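Asker: One letter stands for each residue in the lines below.
2 protein chains.
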Amino acid sequence: MSRQIGPKLLPPPELVEALLSRDNFLIATHVNPDGDAIGSCLALSDALNSLGKKCVLLDKHPIPAQYLFLPGQDKFETFEAFNASGKKIADFDTLVMVDCNHPDRIGLSTKELIPAIEELKRALAGGMFTVVIDHHQTENGFGNIRWISPETAATGMLVYAAIKKMGVTITQAIAKNIYTAIVTDTGNFRFDNTNAEVFRVAAELIDYGVSSSETYENAFESYSGGRFRLFLGVIGTLWIDGNIAVSTVTTKMFEETSTAADDTEAFVSFPMLMKDIRIAMLIRELKDGTCKVSLRSKGAIDVARVAEQFNGGGHKNAAESKPVWQRQSACCSKSSGK
Amino acid sequence: MSRQIGPKLLPPPELVEALLSRDNFLIATHVNPDGDAIGSCLALSDALNSLGKKCVLLDKHPIPAQYLFLPGQDKFETFEAFNASGKKIADFDTLVMVDCNHPDRIGLSTKELIPAIEELKRALAGGMFTVVIDHHQTENGFGNIRWISPETAATGMLVYAAIKKMGVTITQAIAKNIYTAIVTDTGNFRFDNTNAEVFRVAAELIDYGVSSSETYENAFESYSGGRFRLFLGVIGTLWIDGNIAVSTVTTKMFEETSTAADDTEAFVSFPMLMKDIRIAMLIRELKDGTCKVSLRSKGAIDVARVAEQFNGGGHKNAAESKPVWQRQSACCSKSSGK
Numbered sequence: 002m003s004r005q006i007g008p009k010l011l012p013p014p015e016l017v018e019a020l021l022s023r024d025n026f027l028i029a030t031h032v033n034p035d036g037d038a039i040g041s042c043l044a045l046s047d048a049l050n051s052l053g054k055k056c057v058l059l060d061k062h063p064i065p066a067q068y069l070f071l072p073g074q075d076k077f078e079t080f081e082a083f084n085a086s087g088k089k090i091a092d093f094d095t096l097v098m099v100d101c102n103h104p105d106r107i108g109l110s111t112k113e114l115i116p117a118i119e120e121l122k123r124a125l126a127g128g129m130f131t132v133v134i135d136h137h138q139t140e141n142g143f144g145n146i147r148w149i150s151p152e153t154a155a156t157g158m159l160v161y162a163a164i165k166k167m168g169v170t171i172t173q174a175i176a177k178n179i180y181t182a183i184v185t186d187t188g189n190f191r192f193d194n195t196n197a198e199v200f201r202v203a204a205e206l207i208d209y210g211v212s213s214s215e216t217y218e219n220a221f222e223s224y225s226g227g228r229f230r231l232f233l234g235v236i237g238t239l240w241i242d243g244n245i246a247v248s249t250v251t252t253k254m255f256e257e258t259s260t261a262a263d264d265t266e267a268f269v270s271f272p273m274l275m276k277d278i279r280i281a282m283l284i285r286e287l288k289d290g291t292c293k294v295s296l297r298s299k300g301a302i303d304v305a306r307v308a309e310q311f312n313g314g315g316h317k318n319a320a321e322s323k324p325v326w327q328r329q330s331a332c333c334s335k336s337s338g339k
Numbered sequence: 002m003s004r005q006i007g008p009k010l011l012p013p014p015e016l017v018e019a020l021l022s023r024d025n026f027l028i029a030t031h032v033n034p035d036g037d038a039i040g041s042c043l044a045l046s047d048a049l050n051s052l053g054k055k056c057v058l059l060d061k062h063p064i065p066a067q068y069l070f071l072p073g074q075d076k077f078e079t080f081e082a083f084n085a086s087g088k089k090i091a092d093f094d095t096l097v098m099v100d101c102n103h104p105d106r107i108g109l110s111t112k113e114l115i116p117a118i119e120e121l122k123r124a125l126a127g128g129m130f131t132v133v134i135d136h137h138q139t140e141n142g143f144g145n146i147r148w149i150s151p152e153t154a155a156t157g158m159l160v161y162a163a164i165k166k167m168g169v170t171i172t173q174a175i176a177k178n179i180y181t182a183i184v185t186d187t188g189n190f191r192f193d194n195t196n197a198e199v200f201r202v203a204a205e206l207i208d209y210g211v212s213s214s215e216t217y218e219n220a221f222e223s224y225s226g227g228r229f230r231l232f233l234g235v236i237g238t239l240w241i242d243g244n245i246a247v248s249t250v251t252t253k254m255f256e257e258t259s260t261a262a263d264d265t266e267a268f269v270s271f272p273m274l275m276k277d278i279r280i281a282m283l284i285r286e287l288k289d290g291t292c293k294v295s296l297r298s299k300g301a302i303d304v305a306r307v308a309e310q311f312n313g314g315g316h317k318n319a320a321e322s323k324p325v326w327q328r329q330s331a332c333c334s335k336s337s338g339k
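If you read the protein sequences in the order shown, they are chains A and B. Quick note on the numbering used here: the first sequence kicks off at 2 and runs consecutively. Quick note on the numbering used here: the second sequence kicks off at 2 and runs consecutively.
No lab work stands behind these hints: they were computed from the structure. Keep in mind that the hints are not guaranteed to be accurate.
[To be verified] Computed beta-carbon distance windows for the label pairs: (1) B/172 - A/70: 50 to 56 angstroms; (2) B/114 - A/212: 45 to 51 angstroms; (3) B/89 - A/208: 47 to 53 angstroms; (4) A/306 - B/89: 55 to 61 angstroms; (5) B/312 - A/245: 45 to 51 angstroms; (6) B/94 - A/237: 43 to 49 angstroms; (7) B/52 - A/62: 55 to 61 angstroms; (8) A/237 - B/172: 43 to 49 angstroms; (9) B/51 - A/239: 23 to 29 angstroms; (10) B/172 - A/301: 22 to 28 angstroms; (11) A/289 - B/238: 34 to 40 angstroms; (12) B/75 - A/253: 49 to 55 angstroms.
The structure displayed is predicted, hence computed values, not measured ones. Ideal Cβ placement from N, Cα and C applies to all residues, glycine included.
Chain A extracted, bound-state conformation (with noise of 0.2 angstroms):
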């Protein structure tokens, strides 16, 4: 079942029940995971690695580099990893997918044949019970068990009022994934998304040792030299017309900064400083010369409806569109405004 649910956040009890019901959990969630992906998926696991079940934490790529820091993170396996350690899907009797509603999102329509994959699919296919846990706009109807609230800034507060509502006892730990997971979704408490539900678990979390600056340095300003470079490579592509700014990375520029895609992040956000600035676009592109284009908006726009012109997805206020444009025509003549 699917409920919207106002700023007191109330899991649906048969997610809660299902939760303390069941005893052997993998946890997935969406490829190239953000900070709200993952330490949702932690502070889960934490919660019920306390009531005595067994977690194991799936993604399909690392960690990125400024999420090193959360606690636990070195518990995330990939499904190679999976299937290296000799376990095996059969063995779980949950899978829980957070921050995503769809399969897709946790990596399984990717074409590389990884046994894992092979083998969640088909456990999919034969009913394998499946809670989702999200608070993205798009919805298909996955799941046994759904809690999706777009009108909640990150899917780690829905995480945090389910653990609460299962009797766990909130650590430090588990803590601190929470408020990063909230602070990347958030921009640290800037994008409209953040309402006073938000800074009242905020409060909570730092009653519980959370620091804020700690945080913050870890999750946005732990730009490595070749990040830093490769951003003031990016700040030097800025094009603008009108309200719209435009800002372009391509695989050479990687390459010199020995850096990747996930180092991007945020730099979208930059000409946003600007007063005039309604929309921003930062076309990156992919080793197949294909383009990728992240989107943000602030105020009345919504980018999430342009991205999905592009097959892509996202919020209100940040978005991206597939892969779609080839280098050299449609790619390049966006980049110049035509």
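Following the hints, put chain B in place on chain A, whose structure we already have.
Answerer: Same frame as chain A, now just chain B:
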């Protein structure tokens, strides 16, 4: 009297008593006012007005562009405007100094001959009743009633506590001003002064109708085109040695972008994006050829103590020198690390 207070902000009873019993207030804040200074003054003024009291808001300098969105900001008068309006210092029974604790900080040490300043100096010498509400470390014993709380994130937190204790209904305008005061001095909840009480107050202010994203946009993302070009220019001067980053801004750069000193707010922090940078400095050339240095620290180093060596001051993680270095000499040798 001065009082150190804990996270539950309790204004000294004699402060509340003075505000409630007196009638004609001059409210003054520091030169080059920031969001904490301006928002705190405006909120206090609204509260006192709602009790039927008369307030005049004084600042030596005009309100910077990024704070012109604050409700009531047009109530601020420069000393010159105060004179031009025909008002007399002698008509006021109380001076409230907000976000500063010495008359020099409100501009009384100026060499310019401004009648209102001369009147105010005479009034203070003659024992004018003075209330100080501040959170800056430097303390000097000035003021009949002093509430100086260096461990509090923003003077806005103190003013908010005082307003509540006075029994005034919090309006949306008061909430917006206090919220802006807090986000200015906590760097939108990222500095290490961001404790649980800050978040609790933020939650209350959101409940009173503040928009977190609108405030962020107004206070931090309202650069003019010229200010943005200036920022790009400053980024271009960046110079790094170990964990110290130095950038510079010259009078020529201001001229070329039609900007002024207050447009450099926050520029100093840009290199903090890098994990290894622990101290950032922005050297700003003044018109007389001297330089001022803004300092920021991440973590253990107390830059207020560094700034004090150069007759400046501030907070542990954010401080500023007095103008001390000469052009072509110490200023430039400083910027090349000697």
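Asker: State for each hint whether it applies.
Answerer: Here is what the structure says about each hint:
no. : hint                              : result
1   : B/172 - A/70: 50 to 56 angstroms  : violated (41 angstroms)
2   : B/114 - A/212: 45 to 51 angstroms : holds (49 angstroms)
3   : B/89 - A/208: 47 to 53 angstroms  : holds (50 angstroms)
4   : A/306 - B/89: 55 to 61 angstroms  : holds (60 angstroms)
5   : B/312 - A/245: 45 to 51 angstroms : holds (46 angstroms)
6   : B/94 - A/237: 43 to 49 angstroms  : violated (58 angstroms)
7   : B/52 - A/62: 55 to 61 angstroms   : holds (59 angstroms)
8   : A/237 - B/172: 43 to 49 angstroms : holds (46 angstroms)
9   : B/51 - A/239: 23 to 29 angstroms  : violated (46 angstroms)
10  : B/172 - A/301: 22 to 28 angstroms : holds (26 angstroms)
11  : A/289 - B/238: 34 to 40 angstroms : holds (38 angstroms)
12  : B/75 - A/253: 49 to 55 angstroms  : holds (51 angstroms)
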